[in-house]
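Okay, here's what each chain looks like letter by letter:
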Amino acid sequence: MTRVVVDVMLKTEISDPQGQAVLSALTKLGHQGVQAVRQGKRFELEVTDPVDEAAIRQIADTLLANPVIEDFSVHVQTS
Amino acid sequence: MTASAQDVAGDLADVRIGVVTFPGSLDDGDAARAVRLAGGSPVALWHGTHDLEAVDAVILPGGFSYGDYLRAGAIASFSPIMREIIDAATRGLPVLGICNGFQVLCEAGLLPGALTRNAHLHFRNRDQCLRIEARTAWTGDFEPGAEIVVPVKNGEGRYVAGAEVLAAVEAEGRVLARYVGANPNGSSRDIAGVTDSTGRIVGLMPHPEHAVEALTGPSTDGLGFFTSILASILGARAVSTG
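Keeping their order, the protein sequence lines are chains A and B.
Here the first sequence is numbered in the numbering used here, starting from 285 and rising by one per residue.
Here the second sequence is numbered in the numbering used here, starting from 6 and rising by one per residue.
These aren't lab readings, by the way, just hints derived from the structure by calculation.
Heads up, a few of these hints could be off.
[Said to hold, decoys possible] Here are the simulated EDC-like cross-link-like pairs (lysine to aspartate or glutamate), alpha carbons at most 20 Å apart as the crow flies:
#1 B:Lys158 x B:Asp132
#2 A:Lys325 x B:Glu161
#3 A:Lys325 x A:Asp300
#4 A:Lys295 x B:Glu161
#5 B:Lys158 x B:Asp73
#6 B:Lys158 x B:Asp195
#7 B:Lys158 x B:Asp226
#8 A:Lys295 x A:Asp345
#9 A:Lys295 x A:Glu354
#10 A:Lys325 x B:Asp73
#11 A:Lys325 x A:Glu354
#12 A:Lys295 x B:Glu169
Between the sequences and the hints, there should be enough to build the whole structure, so can you do that?
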């Protein structure tokens, strides 16, 4: 088994009010050094070997992310 | 009732409008009731089957299908009944998605864009003025530019799309309705609903099915969506048989 991580983020042109709310909270807590926050999703998939990365990309593109508003990246963890 | 009025009522009652229930749907009962008040026959459809029961049109109701897990409407868009609806819709079956149903239609790729978290992050529930802009199978009974008041209630109702998609939707006259006055969720260009290029597949964030009776709604303006689709279907039948 191999762990495959899929990170999903809103596209940069789509505003992220949740990230903005986190930034606002950080500012109130005194963390002045943080200039911007964007919030996304992380999926951890346990996949039988050998990992078919094309299949994982298809999973990400059809279900895990909505390509209309989100980008994704796939990371196969090698330990 | 005169003989012809009875004929019309009988014809209307012959129109079968499917209302899908997903796990977590909330407004399927009100949608069915709205169909009945408009004179049609609502048909309950279940998410886990492949049976469209020979309906003439389908309504995807509001609610939180599959708990809104992953993204609102995402998992519902892969349900067994949606496979049939997507297939039938591409062959001309009229479909109205209300609120969560609109989210399902966008997730299914039947309508452009997506619905995202409200810009102010709050759930917004109030009576809302809308301007009906597109003439579709679901809005034919409204005068172009008609302003109506129906409830809006959502947490993820902010309509977004890429700049090119938005420009195309505007240029092709596919903005179904726009918020008038305050925009309740930060939707791009105040868009409350969109239609596909045929005018048969339509999505709307606010809730016309909650504005069909004076006792419970802010108006009866919402009834127009349900009378429109009945008239559209009867009109199509008259053409095909006449």
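Do the hints match the structure? See the list:
no. : hint                : in the structure
1   : B:Lys158 x B:Asp132 : holds, 9 Å
2   : A:Lys325 x B:Glu161 : holds, 17 Å
3   : A:Lys325 x A:Asp300 : holds, 13 Å
4   : A:Lys295 x B:Glu161 : holds, 17 Å
5   : B:Lys158 x B:Asp73  : holds, 15 Å
6   : B:Lys158 x B:Asp195 : holds, 15 Å
7   : B:Lys158 x B:Asp226 : holds, 17 Å
8   : A:Lys295 x A:Asp345 : holds, 14 Å
9   : A:Lys295 x A:Glu354 : holds, 5 Å
10  : A:Lys325 x B:Asp73  : holds, 15 Å
11  : A:Lys325 x A:Glu354 : holds, 10 Å
12  : A:Lys295 x B:Glu169 : holds, 15 Å
Taken one by one, the earlier hints all hold for this structure without exception.
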